[in-house]
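Novice: One-letter residues, chain by chain:
There are 2 protein chains.
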Amino acid sequence: MPIQNDTFLRALRREPTAHTPVWLMRQAGRYLPEYNATRAKAGSFMALAQSPELACEVTLQPLERFPLDAAILFSDILTIPDAMGLGLSFAEGEGPRFARTTADEAAIATLAAPDMGRLRYVFDAVSTIKRALGGRVPLIGFSGSPFTLACYMIEGGGSDDDFASVRRMAAARPDLLQRLVDVNAAAVTAYLNEQIRAGADAVMIFDTWGGLLSSAAYRRFSLASMRAVLQGLAPGPAGRVPSIVFTKGGGAWLDDLAACGADGVGLDWTVDIGEARRRVGARVALQGNLDPLVLTTDPLTVAREAEAILRAAGPAPGHVFNLGHGIVPRTPPENVAALVETVHRVSREARAGQTATAAARGT
Amino acid sequence: MPIQNDTFLRALRREPTAHTPVWLMRQAGRYLPEYNATRAKAGSFMALAQSPELACEVTLQPLERFPLDAAILFSDILTIPDAMGLGLSFAEGEGPRFARTTADEAAIATLAAPDMGRLRYVFDAVSTIKRALGGRVPLIGFSGSPFTLACYMIEGGGSDDDFASVRRMAAARPDLLQRLVDVNAAAVTAYLNEQIRAGADAVMIFDTWGGLLSSAAYRRFSLASMRAVLQGLAPGPAGRVPSIVFTKGGGAWLDDLAACGADGVGLDWTVDIGEARRRVGARVALQGNLDPLVLTTDPLTVAREAEAILRAAGPAPGHVFNLGHGIVPRTPPENVAALVETVHRVSREARAGQTATAAARGT
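Chains V and D are the protein sequences, given in the same order. Those letters in the first sequence? Residues 0 to 362, by numbering that gives the first Met the number 0. Those letters in the second sequence? Residues 0 to 362, by numbering that gives the first Met the number 0.
With the rest of the complex left out, here is chain V (with noise of 0.2 Å):
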């Protein structure tokens, strides 16, 4: 099926585009009242994320608010490791916690990618989405990064020490944690590649923790098995399906990641995204990044910033706007009405003109 609004997926091309395409992490989510009430019907976070019906009606929750140029699958980025039996559940109010970890040399060295039957519900997520949005927008499959999964599995769940358990075996067992992030890689493109045969238009990797590892440790444990990854992804029913990585503090790494294999790169606040783009000229699309936190102020104030990040970005084709991480829960809903809003309008009035320029030069 033909998709109706391209304009992320050219964007992800660097083909010129009528306007800026927008979608947001976590789009769908707790700061919706309508995700909220599914997610009370669904009884658990981990019941919504494995019922393909309830899954596809909060994916689509969002686009039915705003007009969004992309749709991202809900799920969980820890749906691979539960499927290798750690038995991942979220207690009300906190984090991911798995039974068991896999921090040892004895559960490193027993660990295998999972059956990717056991993530059936996830693929029959995608291939539901994708028939309930009928062509209307792309909608972007995703994984986490293999080493943002080996934090987790190390450390049994989230941190409040920046996964110092896992920096640590990265200095004293780097023989441990290469195998890990190893065997995740080859899940991570099973898995990916499955999301893809089920129609995901475009897939991406989150590196949430990749930025806490040094410079050495960063290229070694995290890039290398993202280029791997990429490296690994099969092309879906209508062709070659693009890529997205995002190392959450990666900007230091943007030339590695720029040239990593994907065909985006994801970038979070605190990078200055004209700089951004003079570094890596058009070998990659960018994404992002506006602060989440800016979405909780004001429409006045959303549109200002984001004004801002459109020029910064500059007229170049390859943007991709976005957050610079997950939307948060206090997010009121018009702020990002009005978001979405300003990208469209203000990027289209660019183009606008610099075509009047182009036409009144005689070019």
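Derived from the structure by calculation, the hints contain no laboratory data. Backbone N, C-alpha and C fix where the C-beta goes; we use that ideal spot for every residue, glycine too. There's no promise every hint is true.
What the hints assert, rightly or not - Sample of chain D residues at the chain V side, in silico, Cβ under 7 Å:
id : residue
1  : Arg167
2  : Ser214
3  : Ala251
4  : Trp268
5  : Asp271
6  : Thr296
7  : Pro298
Stated by the list, open to error - Pair ranges (Cβ atoms, derived):
id : chain 1 : residue 1 : chain 2 : residue 2 : range
8  : D       : Gly260    : V       : Ser88     : 48 to 54 Å
9  : D       : Arg350    : V       : Asp297    : 54 to 60 Å
10 : D       : Leu299    : V       : Ala46     : 43 to 49 Å
11 : V       : Glu333    : D       : Ala36     : 56 to 62 Å
Fit chain D to the supplied structure of chain V, relying on the hints for placement.
Specialist: Chain D in isolation, oriented as in the chain V frame:
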């Protein structure tokens, strides 16, 4: 009084040294049993910080154990807002807490730099430590950065959401945040000048939270206010006093930091110190940047990782070895001993190798 081991000061001035000097952020701290004993004697953290004699005692403790090349004043970065009357306290096992926040228009409008007389205990500690050191090594004075102080003042303490309240103010009420950092910059300038007058041989500005800001907000609210402080520093009894700035998470702004007027720039552990040196050339000294978690492993791992940093930093003068953030409490002191020994030995050997090579080449 002349300083016997001035290696640290020479490295800050990018002069050749016989070895790479090393000191460690939070080198006087909870990983040392003798620190915990003094802390218990004092009764509370603030009582310890406010007693010049006890502050002197803990400042000197790590120097008794390890041949460190500098001492750093034992104090807290929040002494200034405490002197502004905000009521600083440390609950057992928790972070700092202020009785009053400085988050609204009225509180910020009436804020003023404190009378330096209220911080006399800090300056008395400096002169007490200087006397006790007897010129053995230089003494580093320090302050929190104007922006980092603002973070705690707005939040009323530490933050578990990356100072969302501060990032919101930066976007929605930049005028309020500007006034707050301006007042803080005046206070920090006076505070460091009093430390210099009392005998500090170098000063360091800790910008712990600048790295949470967008690039534009960082330049406006953190970098500019540190530049203002540096421009306001007066010479000490023995002449000009060198300075170091450290923005955790500031690797992307290295060029700005190298041009802000400081003699040295601190690097957190995520930065590749070799790339940093190539970017800044001989403009500034670089300080850093071992991941403090490496110090929780074992002496062999510590030695290997320290050597990697020395190698990456290269032979050019102007490297002060340090961690990329403060020592963590569970650090075994024998790992610190291994670190200091390795840095001194390996850097001496490298210089001897260079000299031998130069001699063999007849240069």
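Novice: Hint by hint, work out which the structure violates, then give me just those numbers in ascending order.
Specialist: Failing hint: just 7.
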